[in-house]
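S.K.: Protein chains in written order, with my numbering: chain A, 805 to 1222; chain B, 805 to 1222.
It is possible that part of the hints are untrue.
Identical copies carry no separate label here, and so any pair may be met within one copy or between two of them.
What the hints assert, rightly or not - Here are the simulated EDC-like pairs of lysine to aspartate or glutamate, each with C-alpha atoms no more than 16 Å apart in a straight line:
no., residue 1, residue 2
1, 950, 983
2, 1123, 1193
3, 1123, 1186
4, 937, 1162
5, 978, 1090
6, 950, 984
7, 1123, 1163
8, 1123, 1099
9, 1123, 1162
10, 937, 1163
11, 978, 1113
12, 978, 991
13, 950, 841
14, 937, 1064
None of these hints come from the bench; they were simulated from the model.
Number of protein chains: 2
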Amino acid sequence: VGTAGDHPEFPVQNLPFGIFVPQNDGATPRAGVAIGDFILDLRETAASGLLNTAPLAQAALAAPQLNGLLALPPTDRQALRRAVSRMLSDEGMATVLRPLLHPSATCTMHLPVAIGDYTDFYAGIHHATAVGKLFRPDAPLLPNYKHVPIGYHGRASSVRVSGGSVRRPHGQIKVLGADEPVFQPTERLDYELELGIWVGEGSSAGSPIPIGVAERHIAGFCLLNDWSARDIQAWEYQPLGPFLAKSFHTTISPWIVTAEALAPFRLPQPARPAADPTPLGYLRDDADQARGALDIRLTIALRTARMREAGLPAFTLCKGTTQDLYWTPAQLLTHHASNGCDMRPGDLFGTGTISGPDDTAPGSLLEATQSGRQPLHLPNGESRTFLEDGDQVLFSATAVREGYASIGFGPCSGEITP
Amino acid sequence: VGTAGDHPEFPVQNLPFGIFVPQNDGATPRAGVAIGDFILDLRETAASGLLNTAPLAQAALAAPQLNGLLALPPTDRQALRRAVSRMLSDEGMATVLRPLLHPSATCTMHLPVAIGDYTDFYAGIHHATAVGKLFRPDAPLLPNYKHVPIGYHGRASSVRVSGGSVRRPHGQIKVLGADEPVFQPTERLDYELELGIWVGEGSSAGSPIPIGVAERHIAGFCLLNDWSARDIQAWEYQPLGPFLAKSFHTTISPWIVTAEALAPFRLPQPARPAADPTPLGYLRDDADQARGALDIRLTIALRTARMREAGLPAFTLCKGTTQDLYWTPAQLLTHHASNGCDMRPGDLFGTGTISGPDDTAPGSLLEATQSGRQPLHLPNGESRTFLEDGDQVLFSATAVREGYASIGFGPCSGEITP
């Protein structure tokens, strides 16, 4: 194992945290870190006293969820990261570590934390523009969009880890031209490509988080698929926003890719067009703008039941980038806490769907098919307007930069079932 | 203490469950039941083996939160209720119980459960109509209103128990006619009178809850104040609904008033006007309609700083009733789970603001003052459009029926601070 030098996702420079269960009889969920094609059992590593250079983190690793680890100041998480990195890079430790390493393929991943609250933002400006265009061709973005990071509260209970099936939800649907709604399975099931943001250290009720210190409250990132039932959404969302069209299932990738691991993969927030308003003072911070944007490559692939039967690989539908977010993670967090709303370690944000400009990289089928009007043609002769039963949707993410080892996020996938 | 025969809120017929801390040095949060002006320490009662006719509930009472109790089938909760009732009615138990009873006035109440998810509905049809009228005088209710129970996901972290202060939130506000928004304290701070619904037994992901069995998943009720910042809401809510205008604070009354205690205070759901649509099949159940509606009297009172200084009592602003809800609790729950969204014990619903017809009992200042256009005149000469610092808002609720002991909910109050 060692440093897993050339692993495409999990070299020693990544070291994402998660909760897993090894295949062993009767094993219980525990903390782990991905290294190459293995998972290092952090609970047992900590129990063996091997992480005592990071004492607070070592104590937090006894829990079956990572909320305690996320609650620690970043320095404690960094100490753990250094200790694990040192251990894995030390050939003398190989014998000690061998029994603590499990092949990833034999392990089951769980949610990394008990999610307190899940919030979904709308920071992908090209997505907001493309969706707005479907309804208001002349004024796709609402007047508030460039001033206020738009978001809504999501459902925490239905956030689930990657893999397994996504059951097509029933709901009230009013077909165009019909007099009355009907209750039936959605016919417009969609995915939404998002980045997930894990809140680390929390905040107290009534205490905003100034933009200058917001980064220390962000522990890490994941991929997020905000599955959406467009026909349910169209009928229910006025006047209070999306509800059951979203809360049937939200999929996340299992690993918390830390802010530390992603530090090399940041770029200045892209300059706003001159005509755009300057953010209000509470959202403005030069340092945040200078290192604010993440530079992560995102991919959406689709594998239908027929592709699987024919042994065909998944077909790439979209290649996006987190550079297309209008607000930085720090701005989202600071805005969220600006009314005094308390944040808790393990709260999850979705960034909102990330699409490229001018339909170049649609983060949802709603955009890719112009709301179902232009079917998407797949190389095996099939076509799609929205998802069909048996379709597998696979998101992946990689951070790449000259001179640095690339790191990945692990899978964020689901298969549609009736 | 005994049965607290004529207590206006907590006679032996009520027996609501909560989490409290007695005044004793070093005491920790524990389960309790309100009886008259006392709280019976249920944790210690259970630890003494006095509740072994309700073994599962007895075990659940060791926890510092009531999620475990709510997770039990209703029969176990009912067994606990009977055991407590028997004990309190048994004069021979007086000596044993005396050390387990604490004067309520000396205790501190906590949230009764760890709230997994909080959902806010919009089932008060007169409120929806009155608010709609402010924007669309000719068509106040949107076309979906009478078909689909409208709701949105709320923020669980900022739900807090009655008492204490409600800090006036900052937020982005765009004053009418201004070119740009500003970030400042809300100038349109409001209350919303709602009933809270506590989910008992949960459901698994992908498994809807049929309307015929929905009642068994509802453990009890509380009062809920969905504090709202109208100016923040007006600017942020398009297109994804209310967000920071709500998530700064939600107040609930501390006691879970059980479905069993409220059973005598139910009436058939009021007949819908003939022109209204029949609910879709998944929301329709004759038994639910026959016993569906709660008959609870609700009161909103206001006490300003000047009233307190002058020794004046709170002034009653509104007397409402839960009869004004368009959907039954069972319909709200069944709808929420109809897409497969999993419910967890201790999930909380707000019903939506409960107002009377035709402005007779406005459940918010937005309605009472016609969005601030018609100030409310108080008997001491003050007036209000929205809440000012120092204002105390007090909700109360009583269930009254000929031949039954009346029961109450306890306070749901908060004082506005800068």
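S.K.: For every hint, state whether the structure bears it out.
M.R.: Evaluation of the provided hints:
When the C-alpha separation of residue 950 and residue 983 is checked against a cutoff of 16 Å, the pair qualifies only between copies, where the shortest distance is 13 Å, while the shortest distance within a copy is 37 Å. In this assembly of identical chains, residue 1123 and residue 1193 lie within 16 Å of each other by CA distance neither inside one copy nor across copies; the values are 24 Å within and 51 Å between. Taking the shortest alpha-carbon separations for residue 1123 and residue 1186, neither the intra-copy value of 21 Å nor the inter-copy value of 61 Å comes in at or below 16 Å. With identical chains, the CA atoms of residue 937 and residue 1162 are at most 16 Å apart within one copy only, with a shortest distance of 11 Å there and 39 Å across copies.
Proximity of residue 978 to residue 1090 under the C-alpha cut-off of 16 Å is found in neither arrangement, the shortest distances being 48 Å within a copy and 25 Å between copies. Proximity of residue 950 and residue 984 under a CA criterion of 16 Å is satisfied inter-copy only: 11 Å between copies versus 37 Å inside one chain copy. Taking CA atoms no more than 16 Å apart as the test, residue 1123 paired with residue 1163 passes inside one copy only; the shortest distance there is 11 Å, against 54 Å between copies. Proximity of residue 1123 and residue 1099 under a CA criterion of 16 Å is satisfied intra-copy only: 13 Å inside one chain copy versus 56 Å between copies.
Proximity of residue 1123 to residue 1162 under the C-alpha cut-off of 16 Å is restricted to the intra-copy arrangement: shortest distance 13 Å within a copy versus 54 Å between copies. For the identical chains of this complex, residue 937 and residue 1163 are intra-copy neighbours only, at 11 Å inside a copy versus 39 Å across copies, given an alpha-carbon limit of 16 Å. In the homo-oligomer, the alpha carbons of residue 978 and residue 1113 never lie at most 16 Å apart, since the shortest distance is 35 Å inside one protomer and 56 Å across protomers. In this assembly of identical chains, the alpha carbons of residue 978 and residue 991 lie at most 16 Å apart only when taken from the same copy (11 Å versus 39 Å across copies).
When the C-alpha separation of residue 950 and residue 841 is checked against a cutoff of 16 Å, the pair qualifies neither within a copy, at 42 Å, nor between copies, at 54 Å. In the homo-oligomer, the alpha carbons of residue 937 and residue 1064 never lie at most 16 Å apart, since the shortest distance is 38 Å inside one protomer and 52 Å across protomers.
This entry does not satisfy hints 2, 3, 5, 11, 13 and 14, going by the numbered hints stated previously.
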